[in-house]
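Asker: Residue strings, one per chain:
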Amino acid sequence: MNKKGWMIVGLIVAVALVGTAIWTEPGMAGKLEDAISQAPVGTGKGMIDPKAEPGFMGIPGAPKTYWILNILWGIWVGWIFSSVGAFGGVMAGVGHITVFGLADYGKSFKQTCPVLNKLLTDSVRVCNQYLVGASAMISSTTYYRMGRLVLPLGLCLAGGGMLGAYLIPTLTAGKVDFSSYVGYFGIVVFLVAGVLFYETTPRGQASRKAAKQAAKAFEDANIRKTAGTEGKTDSKSLGVHITHLGIKKITFTFYGVEFSFNPLWPVVGGFVIAAISAFIGVGGGFLYVPFLTSVAGLPMFIVAGTSALAVLVSMITSIFTFMFMKSIPVDFPLISTEMIGVFIGSVLGPVTSKYIPEVWLKRLFVVLALYVGIGYTTKGFMGRSILPGL
Amino acid sequence: MEMHPVYLAMDPYLIRLYRITGCSFADFLLGTFVVAFVALFVGEVTASLAFLAAKKSIDRTTKDVIRYRNLSMEALAAGDKDAYEAANKLANDAFGQSFFKQIALSSAFLWPLFLALGWLNARFSGVEFTFVTAPYTVGVGCIFITLYVASYLLFRRIKYRLPHFRRIKTMLDAYDARSVEVKKLSDVFPLPDSAVQRTS
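Chains as they are written, first to last, in the numbering used here: chain A, 1 to 390; chain B, 1 to 200.
These aren't lab readings, by the way, just hints derived from the structure by calculation.
BS3-like cross-link-like pairs, simulated, lysine-lysine; straight-line CA separation at most 27 Å:
1) A:Lys-31 with A:Lys-110
2) A:Lys-64 with A:Lys-51
3) A:Lys-51 with A:Lys-31
4) A:Lys-354 with B:Lys-56
5) A:Lys-248 with B:Lys-81
6) B:Lys-55 with A:Lys-354
Please model the entire structure based on the sequences and the hints provided.
Answerer: Right, dumping it as structure tokens:
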């Protein structure tokens, strides 16, 4: 990206930072201590025993997360990220909800101390988002270097994304109980399972095979002929050129070919993607590219660079809103030890995935996703999981 | 609340950084800056080691992204819509794989940041700074993030004087060179002489 592009990105990021900083409310410290003080004292369910050993976020009697288990779970998450992809963020959430036992602990305060129940919900989704979202934010910067920026598209996406990433934490922090969160998380897992399942069906496989054949056929037949197209275009079509800027339609040319999009779509798409990411506490950044290539039919070359801007802006907004505006407490030792595991797993993933065919790996995760999806949805909305272990 | 055992182990060493000048506010800023700088440095080192360990796999996915992206543009230039859509879909898939891999690897850069933030929160919990010009306060996290960004900008200037990072830079430059391999319009449609003269 050129100097002007960096300046624009810097400006948007600065607006996101200042925007959240301006509304920072004073005196929000001690939110966790306040919530704990409202819980009944005792050793029973839904009570806090001040003499008990501190666990999650230092809460006495809360599930204790051992650093070795955090690293091992992180390795599992990192391995999935580098071998399957989309399921990594979900697995990070499963770790916090089930493996570390936070869902059952959080739910125990539903009647006795709803404030603590909701604070634990917020904390778990922020932990998820820190673990996955912050990394997505860092990796998105790579795509600035590789892609190109269509400024009106970037502004529409980032505008919608900022709104979603600001409104959802603001409107829902302290209002979602743990059961509902687990239920909604289950629904998102179903959606991921659906996408993974489609990719393993004969139809999904055929579509990919057909795309590969079409690309190969074109490569074989035309790759050298393009040199013969000399003189068919002029310098005016170099790069991205905005030809029409309207409220209902923005048109630009790329490679001399005209593309157009309704600005409402990226605003709505940016809003929905950022809102889901902030609500569930997953990365979500990867959704921008498929959204723009399939809904707007835009070239990947343009979309990668542009969506990277949206990821960056919405993640900064969301993390700052949770961190500074809502002062949601976070278990930092848990996140940092999990992160150590994630990068170890990301190095191990490519080594082991050589021995397992991708389609079988995806089938395995479809089964796992269905199990988690059914378990969480029933646990969240019916009171208990109909499947064991969740 | 009690400090986490990890922070208890780190605390005696880190707190010494806050007793350098004797002036409490200057000590706080200086100590937090050093903590931020150390967190950044450790993150940079582990990220570079993770990069070296996963380089082969990164090479493979980057190659796919560039190949299909180039192909989609070639198809676009040739006016072959079907081939464009096919190559664009494959480029999209390759991008997804590359993106997720990078998400996981990026955690190698961030883990010390969160560790440091956690210690600061545990150590200076409740300490707030009021703006001189406005009735708002910021916590230690905000100060730390600001100083972390400052350390990043500073470290960027000296990073490549260190041999390890110079070696990494040589490899990253090769990636940048390859990303430039992505076809530009002029590669597919060479510019007419008049246009070249105008731009030179």
